[in-house]
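Colleague: Each chain, letter by letter, is given below.
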Amino acid sequence: MKGQNLRLFFKQSGTSGGTKKPIAKAQECSYDSDVQTEDSSSKDTTSDWAEVDVSSKSYTMSASCDFDTAADSGAWTVAGVLALLGTNIDFDFAAASGDKNRTAGTAVISGTALITKVSISATNRQKISANINFIGQGAPS
Amino acid sequence: MLNVDSFFYDTLRNDAELDAYVNGRIFNPERLEIDDTEDKIPYIIIKYGDGTAENGSKDEVFADLDTATVHILCVDKDREALALLTHNVYNIIKAAFTGEIVTDTYVIESITPQAGGVELDPLKPCCYQTLTFRCDTNTP
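Read top to bottom, the protein sequences are chains A and B. Each residue of the first sequence is one higher than the one before, starting from 1 at the first, in the numbering used here. Each residue of the second sequence is one higher than the one before, starting from 1001 at the first, in the numbering used here.
Derived from the structure by calculation, the hints contain no laboratory data. In this text the structure is predicted, and so the values were computed from the model without any measurement. All C-beta atoms, glycine included, are put in the ideal place defined by N, C-alpha and C. Just so you know, not all the hints are guaranteed correct.
[What the hints assert, rightly or not] Across the chosen pairs, the derived CB separations fall in these ranges:
(1) A/Thr19 x B/Asn1003: 38 to 48 Å
(2) B/Glu1054 x A/Thr19: 49 to 59 Å
(3) A/Glu28 x B/Val1102: 22 to 32 Å
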């Protein structure tokens, strides 16, 4: 499976009946999960090897896309995502197919996340790009 | 897209002064056979170089050819004449491209020029140089 065919689909949390949409002209999406640990070794520990306990788990996501001002009802535009900054979204990392690769298939990872950052970059003689960062809320499934 | 070279060909052919200087010898994509045999100079050959899909997104299962390269070979009798010819070709194209070019089959959004080295054919003799224009395009 190539990266072309895995997309991030989401909708604003709490919007009943709404369908999850991908980001228009998406270039990249990524998911990173992480574990925070604390040292659990003590004077009872005889080995030289460290022992740790899991203190917490977390995950973050990011996505990038080409910036475009054109309206797009089938996907999130940068302007639309910008309006969701600081709000929760329900998401699926899912296989994509169909027209413009926007039909979601079986979800690989699902959950709720907070949009923490939207940035736009315009470099001379290059396409304008936008980057979006998310942080997970609770456990993914 | 696949025929952006036509913008360059039409632009140069439509410049009466240039067309008169090269006596109509502006070719796309190759010289006519009779000219190749007689090898008259000066002449200009415009050729579509290549097209690539550099900026596809996840929306595109079949990516657009959105970057095209056009080569313009300029040939003249000596270095001085070649310099005047290439400057003329460059300025004509620059003047014609005042912004986005929209046709039925392509849109040229921006052009980035590049000049190759000057070469000498001592047997003819003549000097020649290729100007390369990279075009960022989009289907209309």
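Colleague: Taking the beta carbons of A/Glu28 and B/Val1102, is their distance inside 22 to 32 Å?
Modeller: holds, 30 Å
Colleague: A/Thr19 and B/Asn1003, beta-carbon distance inside 38 to 48 Å?
Modeller: holds, 40 Å
Colleague: Should the hint that B/Glu1054 and A/Thr19 are 49 to 59 Å apart at their CB atoms be regarded as holding?
Modeller: Violated - the Cβ-Cβ distance for B/Glu1054 and A/Thr19, about 32 Å, lies outside 49 to 59 Å.
Comparing the model with each numbered hint stated earlier shows that hint 2 is the single one that does not hold.
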